[in-house]
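With the hints as constraints, model all of the structure from the sequences given.
There are 2 protein chains.
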Amino acid sequence: MTASLKAALDPCSIAVIGASENPNKIGGRPLLYLSRFGFRGAVHPINPNRGEVQGLRAVPRLSDLDEAPDLAVIAVPGEAAVAALDECAAVGVKVAVMMASGFGETAGGKAREAEMAARARARGLRVVGPNSQGLANFGTGAVASFSTMFIEAPPADGPVGIVSQSGAMSVVPYGLLRGRGIGVRHAHATGNDADVTVCELAASVAEDPGLRLLLLYLESIPDPHHLAQAAAVARARDLPIVALKSGRTPAGQAAALSHTGALANEDRVVDAFLEQHGIWRARDTGDLVAAAELYLKGWRPAGRRLVAISNSGATCVLAADAASAVGMPLEPLAADTQARLRTILPSFAATANPVDITAALLTNSRLFGEILPVIAADPSADAFLIGVPVAGQGYDVPAFARDAAAFAAETGKPVVVNAPQPGVAAAFRDQGLPVFASEGGAVQALHQFIAHHELIARAAPAVPAPPRRAPAGPARLLNEAESLARLAAAGLPVVPHRLCRSAEEAVAALDALGAPVAVKGCSRDVPHKSDLGLVHLGLREPDGVARAVAACRDGLARAGAAYEGVIVAAMVQGRRELLIGAHRDPSFGPVVVIGDGGRYVEALPDSQILLPPFGPEAVRAALARLRIAPILAGVRGEPPFALDAFVAAVCAVGRLMEDPAIDSLDVNPILVGTDETACLALDAVIVVRDPAD
Amino acid sequence: MTASLKAALDPCSIAVIGASENPNKIGGRPLLYLSRFGFRGAVHPINPNRGEVQGLRAVPRLSDLDEAPDLAVIAVPGEAAVAALDECAAVGVKVAVMMASGFGETAGGKAREAEMAARARARGLRVVGPNSQGLANFGTGAVASFSTMFIEAPPADGPVGIVSQSGAMSVVPYGLLRGRGIGVRHAHATGNDADVTVCELAASVAEDPGLRLLLLYLESIPDPHHLAQAAAVARARDLPIVALKSGRTPAGQAAALSHTGALANEDRVVDAFLEQHGIWRARDTGDLVAAAELYLKGWRPAGRRLVAISNSGATCVLAADAASAVGMPLEPLAADTQARLRTILPSFAATANPVDITAALLTNSRLFGEILPVIAADPSADAFLIGVPVAGQGYDVPAFARDAAAFAAETGKPVVVNAPQPGVAAAFRDQGLPVFASEGGAVQALHQFIAHHELIARAAPAVPAPPRRAPAGPARLLNEAESLARLAAAGLPVVPHRLCRSAEEAVAALDALGAPVAVKGCSRDVPHKSDLGLVHLGLREPDGVARAVAACRDGLARAGAAYEGVIVAAMVQGRRELLIGAHRDPSFGPVVVIGDGGRYVEALPDSQILLPPFGPEAVRAALARLRIAPILAGVRGEPPFALDAFVAAVCAVGRLMEDPAIDSLDVNPILVGTDETACLALDAVIVVRDPAD
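Respectively, the protein sequence lines represent chains A and B.
Letter 367 of the first sequence, counting from 1, is numbered 367 in full-length UniProt numbering, and no numbers are missing.
Letter 463 of the second sequence, counting from 1, is numbered 463 in full-length UniProt numbering, and no numbers are missing.
Rather than coming from a laboratory, the hints here were simulated on the basis of the structure.
If you're wondering where the values come from, they're calculated on a predicted model, not measured in any experiment.
Just to be clear, a hint being listed does not mean it is correct.
[Claimed, not checked] Just so you have them, the derived chain A footprint on chain B, three or more residues with Cβ under 8 angstroms: (1) 310-316; (2) 390-402; (3) 409-422.
C-beta: ideal position from N, C-alpha, C; glycine also.
Following this line, the structure appears as C-alpha cells:
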C-alpha cells in the first residue's frame, strides 16, 4: 500500500474543514461518526466561527493546527472547497476527501477538476473526490463520511470491503449485508476519481488481511492497471472480488457521465477484462451481495454437480431446472445411497436426485435428519441445495436447521438453503447457512460461487503493465501489400501474392503463381476495395489479368486514390472465412477480436474478444464460445477444422498489438480448412500512427 | 363454471374422510381450517373410531350422513383412499379431494390412477388429486387443505388467485404475497391431475369476479384447451394471468415426472402457447409474484418510456442500464421541464432523465416534493422509477412517500420505487406504492407489467378447439412428388417439375422445363436423398439427364428402396434458402416452425415457432425475431427480400396442419428472393397417417 493511501484508509489524525454542530449536515456527520465509531486518532474540527464543534475544540483554519493531519475532510462547497484543497496542500495534509459536487460531473467541469487535482498531487497531496461521500473504515473507526446509512444500519467490523465511486453504492451493499448480520470493514466512496480512483483505492483495500470478500462499484475504468493490481493482490491473498460495473448501455453511460463524470467503456471489453483478472461481474445491486455468505464460509468448491433435497417436489423440479440452465448437472445418487434412502422414506418419495422427502415430513420430522447422513456419504455431489419452502407448526424446524448445519460441516461442501418463509429462513440462518427466498436465487448464488472459483483458477496471471503511449502522429492506412507484409513478418500465413506496378509484371505473376489468380487494386487511400470495382477474381489468362490491371488503375483514378500497383494473388480454397481484428481501447489498450467472417459480419455478428497478453488456450476457449463452434468441430459427417495455424495467427496478432504504433488491424478474411496449410490471410488493412513531427 | 367445479371452489358442505383430532395431521388440518377461517356450510368428520372430532359430531362412514356432501376430503392413504373414492361416488359426492400420494407419480402408478379417476368420473364424481394438498377459498372459508402455510401466514381475502399442481407452490406465492400485505382468495393444489387439472380448475377460478390477478404453477400442460379457456375467460374479464411452468429442462422434467407424474412438454412450444394466449411466463417463484402490486393498482400502461428520479446518481445509472436492457427508452424531459427543474435543484444536478436530485436532498428534504409536480406535467413518460437507495435520519422520508403517492395518483401512470432500506421501503409501501430492493428488480417488474399488457393486447382470440384425433394407422412417408403435389394443392408455390418413370420421359422434361435441370430419385422409402447420390444438379444435356436417371435407379436399388421415378425440376435461383416445418405436439397439436435454411440448420439453429391458427401478421412477427431478420430486411445496400409469398406459404402450412392425417412436414429448402416469384419450395417430405385397418 502506498503511504499516501495508508493515510486514506488508516489515518492517525483527521481534520474536518467546514465542521458543523448539526450531525445531519455534511460537515457534521463525520464528527458524529468519528466519535461514535471509536476513532482513536486526533480529530480537528475546522470552523472560523466556533471555538467548539460537537464537543471538540475547533480552530478557524487548518494552518492553526500544530501539526498537519493525515487526512482532511473538505465539507465546504464550491470555490471554498477548492481553496481548502490548496490549503491542505500548503500545510502538508496527506489525503483530502473532497465532498463538494459540481466539478467533473457537470458540463465543462472535467478540465477544471483535473487541473485542481494535478495541482494538489504536485504538492504531495492525494485527493479523494470531489463529489465523494467519504471513506469509512470500521476496523479503525476512521469514518470520514456523511452517509446516512451508518445511522440507519449500525456498523460491525467484519470481513467485507466495499469500494465504490458512488456514495449510495458504497452503502447500499453495506446495508444489505448488515441486514443479514454480516460485518463490513470498509465502505469507501471515491466520487469523481479526479486523483485517487476507485481501482487504486481497491488495490490498497485488497491488502487488508482482515478481508475475505471485496465488492466494487464502478462507473468507469479509466485505469485498468490499478484494477489489475487489485486483482493481483486479491488473488495472492485468496480474496474474491465481485464488481458491479454500470454504464453498460448508452443510456447508462449518459447517466454516468452526469453522475461522476465517468467516460464510457466498451462493455464487452469490460467483460473480457474482468474475466481475465478473475473478477466476477455482478449485474445488479442484489447480485453484488447475493453470494456473500457463500464466500465467507470458506468453502472450496470441487465441481458443479448439485444434489437437491426438499420436502417439496416443486422445489426439486425448479431447482433442477435452474441448475440445468446454468450448467450444473444433477447426477443420480449411487444405487447404494438410494437403497438406504428407500428404507427411510415413504415408497412414493423420489430418491435419485433430486431427493423428494414429500409431505410425509409433516407426519415425521425425523426423516430430514435421517436422510442427510446417508446423502453426505454419497460421491455424486459437489454442492447441495436444501429446500424447505413450507414448514412451521407440525415440523421441527430448529432440528432441520441443526441437521443441515451438521451435514454442511460433515461434507465440507457448499450448501445453500431455499426457505421463503421468514421464520424458517431465520432458523437456518442462525445455524450459519446461506438462505435464499427462491430456488432460482439459491442456485444462482451457488453457481456464481462455483463459477467464480473456476474463473479465478483460470485467470491470467495479472500483469499490471503501465499503458504504453501511442505515437502522437495522425493515424494512416497501410496499403494491402504493406499490411500483408507486416502480418507475414509477424508470422501470419499470408496468401501467395505479388505487388505489381504494370500489366507485364502482373502477367508474370500469373505465370509464377499459377492460374487462377485474383487481381486487386492497391492503395493506401482505399480500405474497402470491392465497392470500387477493384477486385477481379478467377483470372486464368494474361489478357484478363492485363484488363484487370487497367480496370484497377481506372477505378483508383476515378476514386481520386493513389495507384500503388495491383496485388496479384493465388486463388486458394478454404472451407470457411474467419476474421481477426484488433484495435486499441482508450482505457484497456489492445483488444483482439476473432469471429466468423463473410459478407454479414456486421448483420450477424459472431465474434469474441481477447485481451493481450493471451496464449493459444485462451484463443481456443474463445473459438469454443463462437456460435459457429459446432461447425468448426465438425458436424454432419464433416471433418473438424484444423485450427492450430489460425490460433497461432491470433496469438501473433496479440503480440503485434504490443507495438503502440499499430492503431488497428483487420485481417478479413482469413481462410481455414481441414489442414493447417489452408490457413491463409487473404486480405488485410493495418492502421498505424507515426511519431509526431 | 361447471357445476361440479363450483362444488370444488364453493361447496355447501364438506366431509373429511380420515378426520383427525390432531390439527397437525393431514386429516386434522382441514377441520381446523374450516372452523378457523369461517366456513359457513356443514362440516362432517368421518371417523369409524370416534363420535366427535375437533368438537364436531363424527360418523363412521360417509353413507351414515343424511345427505351427500358437495365435497369430500379423502385424508386416508393408499388402498383406503381408493375405497373412499368409490364410496364418495356411491353416495353422490360431487368432488373428492384426494390427498394420498403414491399413485401416478410412482413407477407404474399412472395407469392405476387413470383407471380410478375414470371410474369416479363415470359415476359423476370429479376428483382433485391424488397427491393433492387440497383446495383453499378464503372468500368462503372453504379451506379443504392441509398446508401448514395458513397457520404461519394467516389469510386475508383479496384479489389474487393461485392455482397450482404442487402443494408448496400453491402456498409459497401465497406466503410471499401475504408477507407484503396482499390478500389472496384462492390457493388450490391439484396434485397429479388425474381428473380435474390445474388448467381446468384455473378456468373456473378465472370466473371469480373478485380476482384481479391469477397465478398458476404448472408442471405439465396435457390439456392446453383448458388453459386456453382460462385465458379466454381472463381476457374477457381483464384478468392478467402469470404462469410458472416448470420442467423446462430434461433434469426438471425428470423431477416433475416423479413429483406429480407430469409428462414433458417441448419448452419452446409452451413459450409460444402462453404468449399466444396472453399469459406471462414467470421463470422462478420470485418472478411469479414480483409484479403483483403493479397488477393490483389498476394502472393501464400506455407505452414503455421510463423516467427515473433519484437522490443517487448510481441508481440513475443502474436504472438506465436496466431499462435499456429490456427495451424501455429514457427520453429526455422537455426543455421547459428541465428549465423548471433547474430552478429547484442545485446546479450540479442532472435534469434530462434520469433526474439526479443528488445528495443535496440531505440538506433540503423539500426538493423531492418540489420536483415531482414539475415532472408529472412532462409528456415524455409512460412510467416512473423513483429511487431512494439511502435515506433516514436527516431526511423527511414520510413526506417523500406521501409526495410520491400523490405524484402517482396525479399522473395515473405506473410508478415503481427502489428502496433497499427496510424503513424507507415501509414508508413507501404504506402509501400503496410497489417497492423493490434494487434498480434491476424494480425495472424488471415494471417491464413485466408493461410487456404483459402489450402481450395481452396482441394475444390471439382464444379458440379453445377440442383436440382432433389423428387417424390411428402407422405413420408413412409421402414421396417427394406426392409431397410437392400436396403442398401445391394447399397453395404453396412449388418449383416447376415432372415426375418421370424413364430416361425418355426425363429427357422430354428437360426439353419442357428448359436447361439446366435437377434430377432426383423419388421414393417413399428415402427421406434424405443427397447422402445416397440421388441428387444430380445442373444438367443441361439429354445424355447427362439419362445418366442421372440410371444413377438414381441404381442408387435406390442399392438402398433397397422402391423406385418411384425421378423428379426432373427446373434449376431456379433465389437469394436465400429458408425452411418451413410442421409437426404435431402430443399436447398442443400442430406446431409450425420457420427459419433459416441451408446445410447447418441443426448446428446453427435460427427458427421460430407458430401455433395454428395464425395469420400473416404473426408470421411476419416471427420472421422479425429470426437472427437473420436484418438480412431479410436488406443490409449492405442489398434490396430487402420480398416475403409476401413466403408468409402466405407459411399460413397455408398452418391451415394444412388442421388435417389430423398430416403427421409432420418439412419444406426445406424454400427459396426466397427480391421478388415474390422467387419464392419456391424446392423439396419437401410429408408424413401422413392413414385410418387404422
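For each hint, the structure was consulted:
no. : hint    : verdict
1   : 310-316 : holds (count 6)
2   : 390-402 : holds (count 6)
3   : 409-422 : holds (count 3)
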